[in-house]
Structures are given as C-alpha cells and as structure tokens.
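A.B. asks: Going down the list, the protein sequences come from chains C and R. Each residue of the first sequence is one higher than the last, beginning at 1 in this note's numbering. Each residue of the second sequence is one higher than the last, beginning at 1001 in this note's numbering.
Treat the hints as calculated values from the structure; they're not laboratory data. Accuracy of the hints is not assured; some may be wrong.
[Said to hold, decoys possible] Restraint-style ranges between C-beta atoms, simulated for each label pair:
1. R:Pro1257 <-> C:Thr167: 34 to 42 Å
2. R:Glu1394 <-> C:Val75: 57 to 65 Å
3. R:Pro1217 <-> C:Gly265: 30 to 38 Å
4. R:Gly1191 <-> C:Ala187: 21 to 29 Å
5. C:Asp85 <-> R:Lys1215: 24 to 32 Å
6. R:Phe1225 <-> C:Thr844: 24 to 32 Å
7. R:Ala1249 <-> C:Val75: 18 to 26 Å
8. R:Pro1217 <-> C:Pro133: 34 to 42 Å
9. R:Pro1217 <-> C:Thr167: 24 to 32 Å
10. R:Phe1225 <-> C:Thr167: 21 to 29 Å
[Claimed, not checked] Beyond 10 Å from chain R on every Cβ pair, some chain C residues (computed):
11. Pro45
12. Gly403
13. Thr891
Quick caveat: nothing in here was measured; it's all calculated off a predicted structure. Glycine included, each C-beta is placed from N, C-alpha and C at the ideal position.
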Amino acid sequence: MTDSLIRLRVNGRDVASPEGTMLLEACRQNGIEIPTLCSDPRLKPASNCRLCEVEVEGRERPACACATPVEEGLVVETHTPALEDFRRAMLERLAGRIPAEDPARLAGKPFRKLLDAYGVTPSGVRRPEAKHPEHPYLDVDLSWCVACGRCVRICDEVQGQNIWTFTGRAGDLALAPELSPGLRESACVSCGACADTCPTGAIEDVTRLAEGLPERWVRTTCPYCGTGCELDMGVKGGRLTEARPVVASAVSRGHLCVKGRYGWGFNDAPDRITKPMIRRNGLWEAASWEEALEAAARAFRGALDAGGPGAVGVLASSRSTNEENYLTQKFARLALGTHNVDCCARVCHAPSAAGLGQAFGTGAATNSYADIERAGLLLVVGANPTENHPIVGARIRQRARAGVPLIVIDPRRTELAALATVHLAPRPGTNLPLLQAMANLILGEGLADTAFLATRTLNLETYAASLREWTPERAGALCGVEPEAIRRAARLYATTGPAMIFHGLGVTEHRQGTDGVAALAHLALLTGNVGLAGGGVNPLRGQNNVQGSAQMGCEPSRLTGYQKLAQSRETHAQVWGADLPEAPGLNALEMIDAAGEGRLKALLVIGYDPLLSHPGARETAENLNGLDALVVVDLFLTETAKAFGTVFLPAASPFEKEGTFMNGERRVQRVRRVVAPKGGSRTDSEILAGLAERLGAGQHFRHRDAAAVWDEARQVWPAIAGISHARLDREGGLQWPCPAEDHPGTPVLHVGTFPGGRVAFRPLAWEPSPEASDAEFPFLLNTGRSLFHFNAATMTGRTRNRDLRADDELEIHPEDAAELGLAAGDPVRVQSRHGSFTLRARPTDRVRRGEPFATFHAVAAYVNLATGRGRDRVTGTPEYKVTAVSLHAVTKRKA
Amino acid sequence: MAAIRTKPDPQIYTFPGFGTDKFPNLMLRGAGDLDNWHLKTYEQKHEGYVALKAALKLEPVAVVEEMKTSGIRGRGGAGFPCGLKWSFMPKDTADRKFTRYLVCNGDEGEPGTFKDRAILEYNPHQLIEGMIIGGWAMQCAKGFVYIRGEFLWLVEKLEAAIQQARDAGYLGKNILGTGWDYDILVYRGAGAYICGEETALLNSLEGRRGEPRVKPPFPAAKGAFGQPTTVNNVETLAAVPPILRMGGAEYAKLGTPKNTGTRIFGVSGHVKRPGLFELPLGTPMDFVVNELAGGSSTGRKIKAIIPGGASAPMFDEKDFDCPLDFDTVKARGSMAGSGGLICMDEDTCMVQATLRLIRFYAHESCGQCTPCREGCNWMEMVLHRIEHGEGRMEDLDLLASLTPRIGLRTLCPLGDAACGPMDSALQKFRHEFEHHITHKTCYATGSRLLSTVGAH
C-alpha cells in the first residue's frame, strides 16, 4: 500500500497521500484545513472561489488545492500571509453581499464557519427582488448567494436536470431556473441537492428555516423505494425536522430524490393512528393494547378452531425491516401453523425472483448500482427509473449523457427513452416476442459469446431452435416496432460490453412476467454478460424492503433465504425448535380469493393495502368481505382497514425502530431509531410477540432486540451469516452472499460459475394476453407511478409532495385526446371489462396512440377498479400493465 | 448567394515597401481589394490552395514538423509555439476512439485589435486553406470557426467562401482523392469577450454558458464535445499556407530567431494613419508608430502606448523603442498580446483611460472566479471615485494592494488582464492619480472633476 502513496511537503511537514488525491483532500486527511467555498466531494473541482489557493514551490501561479493532484516531492505552503490576506479580502467582499440581518440563515453553513475563522461579518442588505417565488420545499433568497455555482453544478453533474443556471455576468451575475420564472414552473424535480450543497443558505430547505438546526442527526435507510439510499435524519424536540443525503453512502453517494429528501412528513401526520382500535357495531372504538391484542388473538383462535391453519393468513409488509419480516413469517408458521404468508413482491417482482432463479439459480439482482459506471452499455426494460428510482435514474442519465449507449424498451417515451441511443416501444404485452427476436438475431448473426455458452450453459440447441420463428419482421409486426430498430438494438447490446440490464414492473406485471424476465436473462447469457462487473440482469425493486420481505421468507413456498420449503425445512425446524406446517400455503392473491370462498376467515395485514393496490378492486372488496376478522397493523387507516378492518394495531414507522432493510442490489443496510414510536404505537416485532404470546407461541418470539432476531436469521440462511448489525454499523451496508464475518460481501453474482454449475436455457412460448383491445375497448391502458408519489401515496400523500403533484392523471396521446374532445385537465372515464374509474386527462406524446397511461396513487382515482384478473402463470403476479379500456369524456366541452 | 458587403472601408493595409522581401505580405496579401475573397482570385493571384495540395502529399506528422520548423508562435496573444501545440494532439491518428477537432478562434474582442477581421474580409480562403492543412496535420474530422457575433457580414462572406471551397473539392468527402473527410462549420458568438478564451469558447461552441474551464484537461486531451481539440487564432491559421509554400525553414528566417515570421500590428489612437501593418516580428515600436502610422495626429506628444491589446501593461516614452516580439515586450514588463498598439497623447487623462479599461474587464468578467468578479468591480469603484474627484490618497494603496489579489488568481487570464493596465498606469502615471485626488482637477486636461461641478 505504501508504494501507491505520494509523498509531499506541506507547511514544512512530510505528508503522504494516495495517488490521484487532490491537495485539498490530502491536506484535510493530514489535519490541514484549507478554506474553500466552491468544492464539494460530489462535484468535479470548479476552482472558482479560489479560496483554496496555495503556493507551490516552482510555480508562477498559486494553485487551487481542490484541482491540484498530489505529486511526488511537491512543496506546498497553505497559509502564508499573502494567501491569508487574499482569503480575508475575498471573504470581506463576499460578506459585503450577504445581508447583515437574519443571521440564523447562515447558521451551521460552511460560509458562516469561514467568516468566523477570518473575523468577517456580513454587512450587506437584503434585496427584495432576490427572493424567488414560493416552493413547498425550497426557499430561495439570492441575497445570500455568493455565486460559487455549486447548485448549478450539482443539478448538472449529479441530478442531471440542469435547472439552475447563471444569467448575466460579472456584477450582474444571478442565479435563475433555466427558461422559467420560478422553480415550480420549471422541470425541477425537488431533489434538494442544490439546497444541500449551498454553502450559504441562499437555497435552503423550507423546514430548516422554519425549525432551525437539528439538535442531533441519526443515520438510517430511506423508507421509500428499493434503491436503499442512506439518510441523515435531523431531530429537534423529539420530532423529525429534516433529511439530508449521505455523501459517504455507497448506494446514494450524497444524493436523494424528492421522496427520501422531503417525504418524511407523514411521520407526524395528523391522521396517523397511534392508539389501538377495535371495530364494534361497525364503528372504530379506542382500546388498550391488552384489549386489542386479545381481540386479535381471539379472532385467530376462532378461525383456527373453525377452519384449521388453512383458514388464517398473513400479508407481510415490504415497508418493514428484515427482522420484522423474519418474525412475520415465523409467526405465520409457528404461532398460526400455516404457510399462508406472502408479501407484496407478489404484486411486483415475484416474477423477477422466479425468472432469475430459474435462469441463474439466484432470484435477485446479479450486479450492483456501482456497475452503472462500469457498464459499456445500459439496457433499461419496462422501467422508468428517473421517476421511480430517481437516484439510479440520475446515474443512468449521467452515463447516457457521457456517451454510453443506452437502449430503452418501454411503450412510453420516458425521460431515459428520450435520451436513448435506441428506443423500442413495444405494444403493451408484447415484451416476449421483442426479446425473443433480439435473442434470435444475436444467435443468427454470430454475435453470441460462444466461449461462455460452451462452458457455462446447457440446452442451447433446443433453445436456439425455439427462437427461429422469431424474425425481427414477425416480432416487429406484433410489437409495433420497426424490424430494423430491433436489429440495431440486438447488435448494439451484443457488441458493446459489458452490457447491464435494468428492468422494472413493465417486464413483470404481465401474464408472462416470469418468462419476460427469463428472456432478459437469456439475452445476458447469450452475450456472456453474466458474472462480470458492469453486466447482469437487475430488477429495480419497488419497495424499500420488498427484496427483504421475500428473502426473509414471507412467501408461501419459500423459507428464509428464499430457500425452498423442502430444502430448508429441517434447518428451520432445528433452529426454531419447532416443526413447520406440512400443508402448502396460499399466495397473497389466493388468500383473498379464498376469503371470498369462505375458506380463509382471519387475515393479518401488516403495512399493506390490498383493497387499493390489488387489481380488480370490486372483486377484492367482495372477497375481503367474506373474512370474519381482518387485523390491520399500520400507521394509517388504509382503505382495507376502513372498509373491512376489525382490529387496528398502530405500528411504529420506519423512523421509529431498529433493524435492517435489503435493497435491490442485495445490500443489507441499517435502519435506526431516529425518534421514539409516536404516541402508543409499537414496532411490528412487539406486536407480533404480543400476539404470539396470546396464541401460545410466545417462547419463539422473545428476542432481546432486532440484532438478536437478525442473528437467528443468520443461522437459517448461510448467505447472510457474515453480516451482523455490529459489522453494518462499523462498515456500512453489505451485499449477500456474505457467508463469513471476514467475507467482503458479493457485488457481482455468478462470477465463474452458477450455484448449480451450468445453467440451462428454457424455451419460452409466447401466449398473447386475452386482455386485448377490440371495437368496444379500443385502448390498452398501462399503469405506473410518478416521481412525486409512492404507490398508494399513504406516505407521500401526507407530505407537501401533493403540492407538487396533486392528482393522478391519464396520459393520453394528443390525437386520441382530440378525437375524444379532451383537453388538458378534462375528466375522463376509463371503462374496462372489469370496472371503471375517472381521472383527468393529460395529453402528451410521451405515450403512443391507443396506449393511455394512468398513475395510481390517490384513492380518488382508484385505478384498480378497472384492472383485471390476468396473472402471471408462474407467480400469480397481476397483469397491471395491460387492460383493454374505452375512454369517455365526462362532460362535453362547449364547441 | 447571400449579399456580401462591398462597401470599401477606409482602413490602411499597406505602406511603401510592403510586399517586398523586406516586408513580405503573407497574411494581408491583397487586403484592401474587396474582390479578393473569391476563390478564383485567391487561386489565380495568390497561389491559393497550392500549399494544401503540397500538404496533402505529406504525412500529417510531416506537416506538424514543418510548423515546428517555422517557429511560428500563436498570434492570439499568448505566443505559444503553434507546431508544439499541434503535436499535443493524440499521436495515433489511426485511433478512431477520438474525433479530433480544429477550432479557429475568430472571436477577436480584445480592445485595440482588428487584424482577424481583415483576414476574414479579404483573405477568407487563406484561413480556410490553413484550416484544411491544420485539419490534415492533426487528422481532424471537423473544423469550427468560432466567429465574433458582431462580424455578421463576415460570417456570410466566410460561409460563401467555404461553399466555394466545398464546390472545388477542398472540403467535404475524400478531399482531393486522399480518402480524408473534413468540413468546416461556422459558429457565431453572442457578444462575450470571455469567449475569446479558448475553453470558454469551447463551452460556448457546445451551447453552454461561455465560462472558462478548469485546466487540465487541456483542449488537446479534452476539448470540444469532450474530444481532442486544437484552438488556433485566425491569424495563426492564415499563416499556415504561406509557411507551407515557402517552407518552415525559410519562414523562420523572418523576424528574430525565437520570434519568427510576420504578424499584423494594428495601430489605433492618436496617430495620423491608423491601420494594419504586417511586419516581421522584432520591428521596433517607434518605427511602426512614427514611420508607418505617421506619428501623433494631434500634434501633441504621444505619452503612452499599449503594445498588445488592452490587456497589455502600458508603456511610457522610455520603452517606445521596444522591438515588437513576444520575448522583448515581456522582458520590458508588458506583453505582445494580440499586436494591437493603442497610442495616447499628452492630453489623455490616464485616470479616465484606466477607468475605461477596467470598466471593460469588470463588465466582461464571466463572474465565475471570486477574485475577478469581485476584484474588477472593486477596482472600478475605486477608480470611479478618483476620476470623479472623490478619491483619497489611501485609494492608491488600496488599488496597488488589489492587483496581487486578482492577478494570477483566476481560472483564465481575464483577471490578469485587468491588472496589466491598472498596475502600469499606477506605476508610470501615479502623479496623474495623485493630482486628481489632491487638486480635484484633471492633470492632463486641467478640467474640473465632476464632484466639484455641483448638481445640475
């Protein structure tokens, strides 16, 4: 190691630093702080504040320490009288711009520290015209701007939105949102990166100005999507007051999106339920924990007595920690004696787990987000990461802007599609023909990695034969895509390695979701893009811990570690000291079907709103109505709870408990208690232990803390044996498999070999969805999320995100809208064979003709009234992405 | 064809003996003749495209060597050896990983400088030929001419000339059967002095805000659109065809050993015959001002000359004999810069002149670097109060203390440039500043200063 160190002399002291380190950082590592305003570790050096100038022996000009790499033998002086005089003079000039009033705005800011260090005080006046229009999260008052440009650069280099720009020059220099009077009207995505990097508070969080500096900071993991960004949560007076990105985070690298950065307000929402409730005579009544737990336990005992273990079930929460999910499935299996336990992976990425499991032997992402920067090509299929996984999306966009080829397969022209080298827009439901044609081309044109195929795969001949019918012409006709574009995409993917695939629910939420994932896996196998950095097939997991839920065993046919029942039953029984039930379990959708048939009588639902989120809401309601008891563990009265709940147990939020989440790249990261559980709410672990106690299984749930639960899980799942809470606290997140404490974790799966040695290609036969358009239902409806809201908006809907985007909208091609007489904002009724809903039209050419797209966040829209019964043949995942509909303008516009 | 301006301009381009061996006319050949820009004229009268045909028979690296032999130094102002600059481009020209670019800096914005526009006006084909030869030498895929936005009529003329060159097969696909494809695009600036700085120019060319970039990476590694790029001044590129025609060694005999060739000096201010004079480097300044430009136009003595465009520190009388080459002018405390000589007679108020110059830099600072943005404004403010009779003696110390806080402390040389006039004016004409402060009248003109005139 010492060989790679560069030795230099700073202020007469010998200093050593790794090659490539900039002087500024090298000095900092050695305890020499050089003043700077414009540098930020997230950004390329700009060298414009010039405060970090140092004198380097033999150089005519002073050098900016932020942009000068260390060199062997460099002799540097950092604090000569001339340099200090220069710095003070510059700070005095800058301080002359900063208002003397309202010193609180500068509190804790880097500029304040510099002024204090040089004994300079702000002496300017506030310029009323420098105050920007109001924004829900960002307060912009350029009276405090010192023109360091960090906001401009972070919006460009990190988020890639390029909202901020300087206008004018020299004395007239001013910051402005590009081409827009204010941030709200601009394309700003409210990621807050500008406010986070601003050294003076000219751009500042509204909450920081309202609440002041937090009293303390607690590091935890974001409770929104499966990216797994780390957060520094600020606490004041026992309440959350702000969230900041973590520069040192391996996942998020100092960046956050609007949800993680600003979407924590739900924690103190006025309608959060913090006392247990029991429904009596149709009305909710407050109850003590004792009463409520007893009522819930009684209901389960009654159902078990009446119908046996098949009559009870548990829907686990993908919002909860790994530890709680581990306990949830253990609760189902030991306290209730049933395998009727499932999580919401069923309605999103179960096909990814199944498809990748079949193809590679492990049902999880093969690679890491860090590979985005290593990939020679990025293929994004059925995913809209700039909105739904914004930190991943921003990084993909940065790569595309840097010239890395990007292929996007998506019916909509998403932000990434607009940037793509090739954008293929297949008709909804035709992923398989498209991917088959690409595979066929790769084989037919001799672009496959024959060495890889020969040593690591089986069954190629049969598979190749099954592909031959899929000419680009045939697939193109089915998909509505130019055959030449399919050729171009296939050639590009096959010849530009390493090629990394990201996919989303646009692949999985189909009748052939699992096959779609398998088809992607086959493309990666054909081209040897498995088992190498910058390659692989990577599902962008939806919920913060959906990977963890399924992985901890909240699956009817799988135990902890996603291990098959048969394979791991013994280990579990041994560690648990109890036998596991024999009868197979039902998945989430089957459980609700069973409720409708009277077979399932009592259901425990943790942090899950099936009534709102399952397809075919009318039928879901009828089925849920068949339950005798529905025990809801949640923060809020969900639609399910409102309509059918019998007992409500108020849960602690993700900011109120200890544990871990598992992100979409298999990384286990710590979740920490930032604030105490609100009011009388309890953690899932406490609730499950209380229920188990009353069901006679208390002995299995007496863990000391979350770490003890995790340690038990390590015993049943060898791949996480090397990950302990203590190690996570020490080293940060780790990616499984990590079988031993001295194992570094596994960023890339399947290097050299697959879990079962070679993997076999599986021919995939296309079966068109019966959910086809016809004369009566001429449109194919697609559904998805928007940037500002998360799923059922249970959390984001209770934050000022609703001020950024209030309503769900139906994206519709302008020509379709014109034919239907719809203008922007007009209500439109969407009618399917299953039901209907109404929302506002948003004409846009992001969607193609005949293929409208609805977001599904708000209860008001209730998109799932219209979605159908179609399910993936392997996993039962609903076909949310294809519904034949007709559209009707609700009120005729005046001619 | 677009309407090309045909109105003759009153500029002087020649002098007795110009075009002889003693004063060869390499870049200003034919200047003053408005028909000269046509391809036919260039080919028939001025050996047009002869050099290109010769260059295309040479290996690209041999062309770079010829440029090195010629010793020509960049005419934009910094005087960096052009052949050396060309050799900084990635060596392996067969490597298709890069797309190489040649950018011609035609943003001519330095006050007192007006030479490039003359080349564009009368000799656009010589520039085009130079750019094709440069493109060949560095195996570029494209050349860009970044041209000052105000030169709209010259853009039209240049584009017409480029089209003629395309039609003649000098540009486009498979140029003169070499298999090499190359074309030239013209891009208009939008009125910012800073875009004459090469990295700000590249940002502007890419459609970004015209702000200088952090160097390294230098343009040869990462220039326009992230690709290897060489940026050369109009005059430098226009010198390429003559260099190739006469041979680098022959060219190197012109001027002085380390300052070879001819360059175009622009003389303006209080002289009888302001104009452009192409002369071998090392020609004494007083010869140019007195013999060629005719000396003072006012009958009063010339008291100050800025020898290389507004950014160059001023000379007073004792340096008027300075030979005009990069090294000697530098040794005497100024810089040869862009070759623009600005002459000021005795009645010129040096406070006012300095204020006028500093106001220019304060206005044109891109605002990126704190010392330049804050410092130029600061100097302007202090000068303004001296000029208006509100100065204090301490202001002179303040001004003197400001330049070391600005000069050499910015990303690009604009900050340095502002310090040149400031420091030299204070050193050489301090008594005028003191007079303003103590007498509240102007030393040069005797007139009362604004603050003493009273409100009206």
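A.B. asks: Hints numbered earlier in the text: which of these fail when held up against the supplied structure?
C.D. replies: 1, 2, 3, 7, 11 and 12
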